[in-house]
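Taking the hints into account, I'd like the entire structure generated from these sequences.
Heads up: the protein sequence lines correspond to chains A and B, in order.
All residue numbers for the first sequence refer to the numbering used here, where the first residue is 1 and numbers rise by one.
All residue numbers for the second sequence refer to the numbering used here, where the first residue is 1 and numbers rise by one.
Quick caveat, the hints were computed from the structure, so don't treat them as lab data.
All C-beta atoms, glycine included, are put in the ideal place defined by N, C-alpha and C.
Keep in mind that the hints are not guaranteed to be accurate.
[Said to hold, decoys possible] Footprint (simulated), chain B over chain A, 3 or more residues, beta carbon under 8 Å:
#: 1; stretch: 21-30
#: 2; stretch: 35-43
#: 3; stretch: 73-81
[Stated by the list, open to error] Once the Cα atoms are required to be at most 30 Å apart in a straight line, the calculated DSBU-like pairs of lysine-lysine come out as:
#: 4; chain 1: A; residue 1: 61; chain 2: B; residue 2: 73
#: 5; chain 1: A; residue 1: 118; chain 2: B; residue 2: 350
#: 6; chain 1: A; residue 1: 36; chain 2: B; residue 2: 325
#: 7; chain 1: B; residue 1: 69; chain 2: A; residue 2: 40
#: 8; chain 1: A; residue 1: 36; chain 2: B; residue 2: 350
#: 9; chain 1: A; residue 1: 61; chain 2: A; residue 2: 117
#: 10; chain 1: B; residue 1: 73; chain 2: A; residue 2: 40
#: 11; chain 1: B; residue 1: 83; chain 2: A; residue 2: 36
#: 12; chain 1: A; residue 1: 61; chain 2: B; residue 2: 350
#: 13; chain 1: B; residue 1: 83; chain 2: B; residue 2: 69
#: 14; chain 1: B; residue 1: 73; chain 2: B; residue 2: 83
#: 15; chain 1: A; residue 1: 117; chain 2: B; residue 2: 350
#: 16; chain 1: A; residue 1: 118; chain 2: A; residue 2: 61
#: 17; chain 1: B; residue 1: 83; chain 2: A; residue 2: 40
[Unchecked claim] Stretches of chain B that chain A covers, calculated by requiring three or more beta carbons in the stretch to come under 8 Å of a beta carbon on chain A:
#: 18; stretch: 74-87
#: 19; stretch: 118-128
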Amino acid sequence: MLNQYIPVLMHLLVVVGFATMTLLMSVWFGRRSTSKQDIKDTAYECGMIPIGENQPRFSVKFYIVAMLFVLFDIEVVFLYPWAVVFRDFLSADQILIFWSILGFVGILFVAYLYALKKRALNWVG
Amino acid sequence: MDLGLIISSAVKIIGFVFLMLMPMIAYIIWVERRFLAIIQDRIGPNRVGIPWTNVGLFGLGQPIADGLKSFLKEDFTPGHVNKFYYVIAPALVMVPALLTCAVLPFGRDLVLPFLDEPIRLVIADLDIGPIWIFAIASLGVYGIVLAGWASNSKYPFLGGVRATSQMISYEISLGLSIIPVLLLFQHLNLNDIVRYQSEHGWLLLPMWGDGWSVQRWLYLIPAGVAFIIFVVSMFAETNRTPFDLPECETELVAGYHTEYGSMKFAMFFMGEYAAMIIGSGLAVTLFLGGWSLPFGLDALVLGVFSDTWFSWVPALLSTGIFFLKIVCFMLFFIWVRGTLPRFRYDQLMKLGWIIFFEAALANIFIAAGILMFA
Numbered sequence: 001m002l003n004q005y006i007p008v009l010m011h012l013l014v015v016v017g018f019a020t021m022t023l024l025m026s027v028w029f030g031r032r033s034t035s036k037q038d039i040k041d042t043a044y045e046c047g048m049i050p051i052g053e054n055q056p057r058f059s060v061k062f063y064i065v066a067m068l069f070v071l072f073d074i075e076v077v078f079l080y081p082w083a084v085v086f087r088d089f090l091s092a093d094q095i096l097i098f099w100s101i102l103g104f105v106g107i108l109f110v111a112y113l114y115a116l117k118k119r120a121l122n123w124v125g
Numbered sequence: 001m002d003l004g005l006i007i008s009s010a011v012k013i014i015g016f017v018f019l020m021l022m023p024m025i026a027y028i029i030w031v032e033r034r035f036l037a038i039i040q041d042r043i044g045p046n047r048v049g050i051p052w053t054n055v056g057l058f059g060l061g062q063p064i065a066d067g068l069k070s071f072l073k074e075d076f077t078p079g080h081v082n083k084f085y086y087v088i089a090p091a092l093v094m095v096p097a098l099l100t101c102a103v104l105p106f107g108r109d110l111v112l113p114f115l116d117e118p119i120r121l122v123i124a125d126l127d128i129g130p131i132w133i134f135a136i137a138s139l140g141v142y143g144i145v146l147a148g149w150a151s152n153s154k155y156p157f158l159g160g161v162r163a164t165s166q167m168i169s170y171e172i173s174l175g176l177s178i179i180p181v182l183l184l185f186q187h188l189n190l191n192d193i194v195r196y197q198s199e200h201g202w203l204l205l206p207m208w209g210d211g212w213s214v215q216r217w218l219y220l221i222p223a224g225v226a227f228i229i230f231v232v233s234m235f236a237e238t239n240r241t242p243f244d245l246p247e248c249e250t251e252l253v254a255g256y257h258t259e260y261g262s263m264k265f266a267m268f269f270m271g272e273y274a275a276m277i278i279g280s281g282l283a284v285t286l287f288l289g290g291w292s293l294p295f296g297l298d299a300l301v302l303g304v305f306s307d308t309w310f311s312w313v314p315a316l317l318s319t320g321i322f323f324l325k326i327v328c329f330m331l332f333f334i335w336v337r338g339t340l341p342r343f344r345y346d347q348l349m350k351l352g353w354i355i356f357f358e359a360a361l362a363n364i365f366i367a368a369g370i371l372m373f374a
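Structure follows, in structure tokens:
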């Protein structure tokens, strides 16, 4: 039933329109400063003159977390359909559905243990 | 194309988003400032009332004054930023936050005397409720990371990187924590979940209908663990204290929105509060019965107002109850902000990836075991 998604589309249009209007109204109604001041255009660093790159290097840990997220979030997505049909299968006496998901999660849990062993989730030191 | 569907959804979108959610965002900010002031033994904003009079009204005019002030400030774009992404980042935070409320049922079906069929008080009655909310809410990360990156400045950059990492980490435990709920209700449609809870007991209060069973009471264990994980993860997802590391004032000034001002800053603020309100709404819907009254009082209300001309009363009442529950939840948010100190970053990551991830996985199998054997 794609008909269900018509309200979603309308909602999207209304919200995007609202966000655009808010941004534009701020430009229209906001006061402008008359003089051009160079100091206003510098990056904010509590009043100090910025030194070095403005986008410094950062720890590779953040990147590793992002990759692990992709892996485990897909696991979560696969659990949703299982959760919805679980009781239907139970009432049909198909206990296998429990053991099969245990296998699926078990395989990914080994991957999780590997990530732990490699100290991918360790943020100290 | 069904004209009735389009008209009714337009009314629902305007009513829910602009007449309920927006004023709620504005006044939750005022409530937060007053409540925190009480916790910290201050007075808080109490002066803005009716203009040109001395009527203060406990400062109830403050949100309106703040909004006007944001519009009238100079809309300044610093010279060192990446202009395009700098401008769209606030919209990318606010749009997903407001879009998630499309599937949230905010009341019982509205029966009007002059209409044949009842109107469902949910903008889009999708069969993928929680998945829709998680999918759209996670798009909010883009707004934050773009704000941090496009600002071209050190504090926003660090704030943006931290926020991204934190939000995606807690998304996993958030997603895993509601699986025990779905195992029990077997629905992804939030309206069906609430209707079931209205008849057979809330997930955390199974005291009427079919709720009086050994299985449901044993199920309180996984449901309670799921609730705790869900609520704490929601705090982390919305960057609230004690997990407000992306914008902690003591080290990062204001985090990813340091370089923002005027309405662009206010849009980040509104997006964050909208996400909090809708997150509370989802928690209330899944665990605390959504719009329903406790102890099966819903049937009583329906019975009293079964008369044709008052058939709209139960729907209105249920909407009020839903918002009352959300307000209680928001007060809890504020209370926690006034009470707990901030986490350290390694503690935050350990809590999300090690404690919650493992607890949520174990919780799923405990829940499945209870359904199998009890």
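Here is how each hint holds up against the structure:
Only residues whose C-beta sits within less than 8 Å of a C-beta in chain B count toward coverage, and the stretch 21-30 of chain A has 7 of them, enough to reach three; the restraint holds. Under the rule that three or more residues need a Cβ within less than 8 Å of chain B, the assignment of the stretch 35-43 of chain A holds, with 4 such residues. Counting residues of the stretch 73-81 of chain A whose beta carbon lies closer than 8 Å to any beta carbon of chain B gives 5, which reaches the threshold of three, so the coverage claim holds. With a CA separation close to 39 Å, the supplied pair residue 61/A and residue 73/B exceeds the 30 Å bound.
With a C-alpha separation of about 15 Å, the suggested pair residue 118/A and residue 350/B falls inside the 30 Å cut-off, and the hint holds. At roughly 50 Å between alpha-carbon atoms, residue 36/A and residue 325/B are farther apart than 30 Å, so this suggested pair is violated. Simply put, residue 69/B and residue 40/A have alpha-carbon atoms about 20 Å apart, close enough for the 30 Å limit, and the pair holds. Simply put, residue 36/A and residue 350/B have alpha-carbon atoms about 48 Å apart, too far for the 30 Å limit, and the pair is violated.
Distance hint between residue 61/A and residue 117/A is fulfilled; the C-alpha atoms sit about 15 Å from each other, no more than 30 Å. Distance check on the hinted pair: residue 73/B and residue 40/A sit about 15 Å apart at the alpha-carbon level, within 30 Å; holds. Only pairs whose Cα atoms come within 30 Å are accepted, and residue 83/B paired with residue 36/A is accepted, the gap being roughly 18 Å. With a CA separation close to 13 Å, the supplied pair residue 61/A and residue 350/B stays within the 30 Å bound.
With a CA separation close to 23 Å, the supplied pair residue 83/B and residue 69/B stays within the 30 Å bound. For the suggested pair residue 73/B and residue 83/B, the alpha carbons sit about 19 Å apart, so the restraint of at most 30 Å is met. Of the supplied pair hints, the one linking residue 117/A and residue 350/B holds, its CA atoms being roughly 14 Å apart against a limit of 30 Å. Taken as a hint, the residue 118/A and residue 61/A pair is honoured in the structure, with Cα atoms around 12 Å apart against an allowance of 30 Å.
A distance of roughly 15 Å separates the Cα atoms of residue 83/B and residue 40/A; the hinted pair therefore holds under the 30 Å criterion. Evaluation of the coverage hint for the stretch 74-87 of chain B: fulfilled, as 7 residues show C-beta separations to chain A shorter than 8 Å, against a requirement of three. Coverage of the stretch 118-128 of chain B by chain A holds [criterion: at least 3 residues with CB-CB distance below 8 Å; count 5].
Against the hints set out earlier in the document, violations occur for numbers 4, 6 and 8.
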